[in-house]
Amino acid sequence: MKKVYAKEELCLNCRLCEVYCKTAHSQSKDIIKANKFESPEPVSRVTVCGDKMLSAAVNCRHCDSPKCVEACITGAMQKDKKTGIVWVDEDKCIGCMTCLAVCPFGCIKTGKFAVKCDLCRTEDEPACVKNCPNRALVYADLGGGE
Amino acid sequence: MLKEGQIRIPSGCAIAAIIDRKGGMINGSEIIKSIALMHDRSNGLGGGFAAYGIYPEHKDDYAFHIFYENSEAHKACEDFLFRHFNIDAAERIPTRKVDSIENGPDIWRYFGRVNRVRMNNSRLDEGEYVVQCVTKVNSAFDGAYIFSSGKNMGCFKAVGYPEDVGEFYMLDKYDAYLWTAHGRFPTNTPGWWGGAHPFNILDWSIVHNGEISSYDTNRRYIEQFGYKCTMQTDTEVITYLFDHLIRHHGLPLNVAADVLTAPEWDEIDRMDKGKKEYFTNLRAIYSGALVNGPFSVILGSNKGLLAVNDRLKLRSLTAATKGSRAYFASEESAIRIICPDPEKVWSVSGADPVFIPLELDGKGED
Amino acid sequence: MMNYVIAGASAAGLACAEQIRKEDKDGRIILLTKEEYLPYSRPSISYYLKGKVTEKDMCLRKPSYYKSIGIEIVTGAEVTAIDRKKKTVRAGRKTYHYDKLCLCTGSKPFVPPMKNTEGKENALTFLDLASTKELKKKANKDTRAVVIGAGLIGMKAAEGLSKICKSVDVAELSERVLPSILDAKSSKSVKSYIETEGHINFHLGDTVTEAKSTGNRITSVVLKSGKELPCDLLVLAVGVRPETSLAEKAGIEVNRGIITDPGTMQTSDSDIYAAGDCAVSVDMLDGSKKIIALWVNAVRQGKAAGSQMAGGEGVTGGTFAVNAIDFYGMRICTCGLINAAGEKYSDRVIQQGDSYKRLIFEENRLVGFVLINASENAGIYTNLIENKTDVTALHGDILGTPSLMWFDKETRKSRLKGESA
Amino acid sequence: MSINYIPRRFTVVRDKELCINCGCCVRQCSNECHYFADDGKTALVNSNACVACHRCVDMCPTGALRIEKYVCDYRENANWTPQYQQEICRQAATGGVLLSGMGTPKPYPIYWDKILLNASQVTNPSIDPLREPMEIRTILGRKPEKITVEKKGKSTVDMPPQVILETPIMFSAMSFGSISLNAQKSLAMAAKNLGTLFNTGEGGLHPDLRDYTDCAIVQVASGRFGVHKDYLQNSRFIEIKIGQGAKPGIGGHLPGEKVNVEVSNARMIPEGSDAISPAPHHDIYSIEDLRQLIWSLKQATHNEKPVSVKIAAVHNVAAIASGCARAGADIIAIDGFRGGTGAAPTRIRDNVGIPIELALAAADQRLRDEGIRSSISLVAAGSFRCSADIVKAIALGADACYCASAPLIAMGCHMCQTCNTGKCNWGIATQRPELVKRLNPDIMHERVENLINAWNHEIKEIMGGMGINSVDSLRGNRLMLRGIGLTEKELEILGIKHAGE
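Residue numbers (numbering that gives the first Met the number 0), protein chains in the order written: chain A, 0 to 145; chain B, 0 to 365; chain C, 0 to 420; chain D, 0 to 500.
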């Protein structure tokens, strides 16, 4: 499946991916509203870790056998059989965050529910990839995840 | 108003030519008939002819045709000529009165050989010596203009429609194995006889239809080698290019034609290795001699006739053959009026110059 | 064609059935559950109690799902006997033949001896949806509830009830709350937070010894300390024990839980497997055999059992405890040997405002953590524990937020690719 | 703290209504103009160090940042302008030579802007470049005087090595050291895809660029950095750098702090040592010495590589060009004084040399007068801002043009002219790894290619309008040019007529 891959040698630590992810997952989809006014504050599903010398944008790997899915006590965390996307059914999620405790990549964020990358649920490039100014994020199928 | 040499004047034209490669004689009335059909392609501001094989009795002499605008020029030029050449004959070129042709200069012709003492002193070869003498007269003698300087050939030109010019020079009295003709449509009115075509140097004569957009590239290229483009016309620069390539670089006529209308790179890239190398070298070495823009050119010489069209075929030029004769004209009709049943008719393509060599059995050649 | 029978349809049972289907497209899979419901999220009952989720949302799969992948699910079918010779199980009036059987019977509530509680209409357990529904029905804004036990179940029941009831008292024999998942220090702060946020009264080091009743209804309870608490609803949440009676009856080896091969989950009967809270696990961190009653553990064991039953080679990975839970917005995440004691263990603690982070090390590797309001990227810690990573080789402060950048270039590269972490 | 004496140049204005405090600016400004308040969340600005590089402006996702000229008036004085006063203050503080990056910003005449191009009307058809082949292939190298043929179609001439370019635009010398490896790699990739060449400058050839040796011009400069046999061999042609338009008569100085391991390896000098290119080549004190070097280089490369000589446009450039041609240079590159630089003494940059237009016109004419123009190639350099500049240069007589600033701008350069500080926020003129990675060659080579392809299209369009379908026929075609607002003398030097003539 197509996933978002980060290239640390190109990551600028600008964190625009976070800004655009947050916006894409906001109510308003408006960058100013999403980042300044919306409540609850939207959560970025991608996180740049590191500093200016070395950084990378980390987000869900949509693993072949996702630990988060295994650990989910409600069945809210699922891997879509068709798309391979690991996603959270917000109606089912109770926010216990067991998924977060087992994700070895640190890709699950705490919100009202477990919050994680859903690849923007689009055929298109996800917002983080689209807006990365240095192509440090690529959306590609390097095998796996189906 | 500025005349040729002081300003560059673009012009449109009609051209025509007839050659009998076996050296059979063709009367001047034929070429007049052909060019006359294309009357509308000229505007009465210049017409002319070149004829090869017309002076068999002086065939080893240079035949200089000269316009004199005044007697001082006449005297100065003759002095110069007599010093540099051994002139055997000097006469007014016979003309008849034609209403439409007026205010003409005094037109003379001279037959003679080079002054060998002077030539040897100048350390120039004969061709170069003659060319430099002609250039000297044309650039330094105000009011004198040598418009024909080959052997056993002559140019005849004037301000007027070509058929009137032919009438004026009584070309029906001349027989030649190669005729070229030109009717001119300049976009201003210089009214100078020297500006009419053909343009000639030694026995090269050129009639040309078109306006080359590479003019200054070609001019500045050729001027590196001692030429001086005093006329600022396309015809002049094309003549010099041919002269330089053939006389100085010793290239065969068809190779010279390749230089001027080299194939496009796209085409070269598709060629086999040998041809690719040939054209790549040609274009690399002679990039300044590539002629660009619309033109059709007929180059006359005692070696034969070369018809060249531009690379994009932006100007018309039709060729036809019948027996030992070949015909060329801007319009096919101008051929058919004198040769109604040609064996072969084709449009000269940009990439494929047509060369009709003369096979005179030593008759006309040096 | 193989006949697979699975007794119990919670985490382990369902994972087992699904894994079998993955590896055997044709075999007949019969999933028997004593409950009246299709598989649902047992841990969600406290959220159901406080109204955060609906019954529908608690379902682990859509009702049509089972048919679509060919799992025959039978509700209300408690397996009561196994005939190992005939290879059949009995559930209700029906008998099912099996080629491979998996016991996923889970656990049962442990009810300590108390006077006058048995059979009382307002003394309830809190373990499954049925009991939760009962509880919800009986609790209202005038209810004074008493919860016995301050473990995970008791505390979750207390939290849920605190949103409904007039008052909630929690009695716990141990000196601290959530003793199984919190260390002494953190449990103190958690307790005080819960007291403030949930207005819950704790009675630690104490327990109910006796109930007083009027008719069939308890009216108050008496504590060991002698204190008497008015009680309209008594929740018995002291703990659970593995449900092993079926296995025992069938002569399968049991010691506290069902004994299995820790990789394949095979019991002493080679055609019978066991998975989930009913089976004994080996804690990979200290090698101790114990019941690790964890969802993820149950799923992994169920998958391993399912794979083995279908002739596959799936085995469980290492097992250790991971718990994440929240109380009134306070996030608690703990893992591994949080109460480890001994010379080879050391710990590091950082406390800032309402966040608390304690990491427990065995020599140069992490073996446990307690994170309170500091769970960001906790999975990376979990992963360090699981991989027994030498933490001295990490770049960066291990007490800081766990980061990919702690690892060397090769590891980072493979992590960014999503290769097995 | 001492008094600063010089007001800051720019003010960064943050629109609080738009700012979302994402901190992108904070993390991007290498001059540390942006920073967080103590809460770690609110972005603040300190404009003092702002160089107007626009990194923050261009990166800001909400357009919340604006850079304004900081207006601080001095008493009006046409002579003692603020700039001179400030430069004096700077020198009073440091006692040093003023240094600047990029080309001169002074308002000297730009002749490109005073030359107009011709187009065909009626007497001669213009050509549609979308329908007809339009050739811009350019061949550099020494040409024999004439071709020799066995017959039509079979050449027997012994051709010296030629360099075929698919565009008359090449990338001028920018060394690894003065620019980042990523910047140089982007140019190399673009050159390869465009069928043109990039120039290593005097920085040697980094091993990462081994795949691009086919499109590399390798420079031999006065410091001889990185010059060895393989370096010379791994090239398309060799360029002897005599001078640079931005600093004629001056050597180069790459400060030790920019000489990291990579730079040190490529240049073959110790890490951290200053790389000093002497003002002259110490083996070229005369034209005959140049001849020897040219021949040595040809010997070293088995006569397989053309040798170019790059000179700065100085007063007698025409004679010097002629001398170079006669000394055996196959290609002569003339660099006009508006050309860029990584660092040059400001006074030199702003006062020494002549514009490329005049230098090119004079040199081309001189070589023609001597009858040797067609045997060598002439490359013009020194600030080509658009395709029309290129067309004009070719019509004046250039075979090809060297561009550097334009591709740098395509890669993000904003002409902030502080290349010398090594803090280039766009990852171009810096060796700091955290800045260098901002320039992703995979993106930038595409942008550079787009730029040159766009220019190629425009050149073809202009040629088509002139009725010319081969750049060969544009070269030296000064009739296609007319001056506007130029004096007789300027027209004479340029060899063009005035508009209307």
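Simulated from the structure, these hints should not be mistaken for lab results.
Careful: at least some of the hints might be erroneous.
[Said to hold, decoys possible] Pulled a few chain D residues facing chain A out of the computed Cβ check, cut under 7 Å:
#	residue
1	Asp38
2	Val435
3	Lys436
[Said to hold, decoys possible] With a straight-line Cα cutoff of 27 Å, these simulated DSSO-like cross-link-like pairs (lysine-lysine) come out:
#	chain 1	residue 1	chain 2	residue 2
4	A	Lys111	C	Lys162
5	A	Lys80	C	Lys162
6	A	Lys1	C	Lys21
7	B	Lys275	D	Lys40
8	C	Lys132	A	Lys108
9	A	Lys111	D	Lys40
10	C	Lys21	A	Lys111
11	D	Lys40	B	Lys343
12	A	Lys129	D	Lys145
13	C	Lys119	C	Lys66
14	A	Lys108	C	Lys21
15	C	Lys132	A	Lys81
Bear in mind that the values here come from a model prediction, so they are computed numbers and not experimental data.
Using N, Cα and C, we set each Cβ at its ideal position, and we do this for glycine too.
> A/Lys111 and D/Lys40: Cα distance at most 27 Å?
Replying inline: holds (22 Å)
>> For a C-alpha distance cap of 27 Å, please report whether B/Lys275 and D/Lys40 respect it.
In response: With Cα atoms ~67 Å apart, B/Lys275 and D/Lys40 exceed 27 Å; violated.
> Is C/Lys21 close enough to A/Lys111, meaning Cα to Cα at most 27 Å?
Replying inline: It is violated: about 33 Å lies between the C-alpha atoms, which goes past 27 Å.
> Holds or violated: D/Asp38 as interface residue toward chain A, Cβ cutoff 7 Å?
Replying inline: Because about 15 Å separates D/Asp38 from the closest Cβ in chain A, which is outside the 7 Å limit, the hint is violated.
> Can the restraint linking A/Lys108 and C/Lys21 be considered satisfied, given a maximum Cα separation of 27 Å?
Replying inline: violated (31 Å)
> Within 27 Å, alpha carbon to alpha carbon, are A/Lys129 and D/Lys145?
Replying inline: violated (57 Å)
> Given the proposed pairing of A/Lys80 with C/Lys162, does the C-alpha separation stay at or below 27 Å?
Replying inline: violated (38 Å)
> At a threshold of 7 Å, is the proposed contact between D/Lys436 and chain A supported by beta-carbon distances?
Replying inline: Holds. Min distance 6 Å.
>> Just to be careful, I want the Cα atoms of A/Lys111 and C/Lys162 compared with a cutoff of 27 Å; is the pair within it?
In response: holds (18 Å)
>> For C/Lys132 and A/Lys108, compute the direct alpha-carbon distance and say whether it is at most 27 Å.
In response: violated (32 Å)
> Does the structure keep A/Lys1 and C/Lys21 at a Cα separation of 27 Å or less?
Replying inline: holds (23 Å)
>> Would the hint linking D/Lys40 and B/Lys343 be met if the CA-CA limit is 27 Å?
In response: violated (89 Å)
The structure fails hints 1, 2, 5, 7, 8, 10, 11, 12, 13, 14, 15 (numbered hints given earlier, in ascending order).
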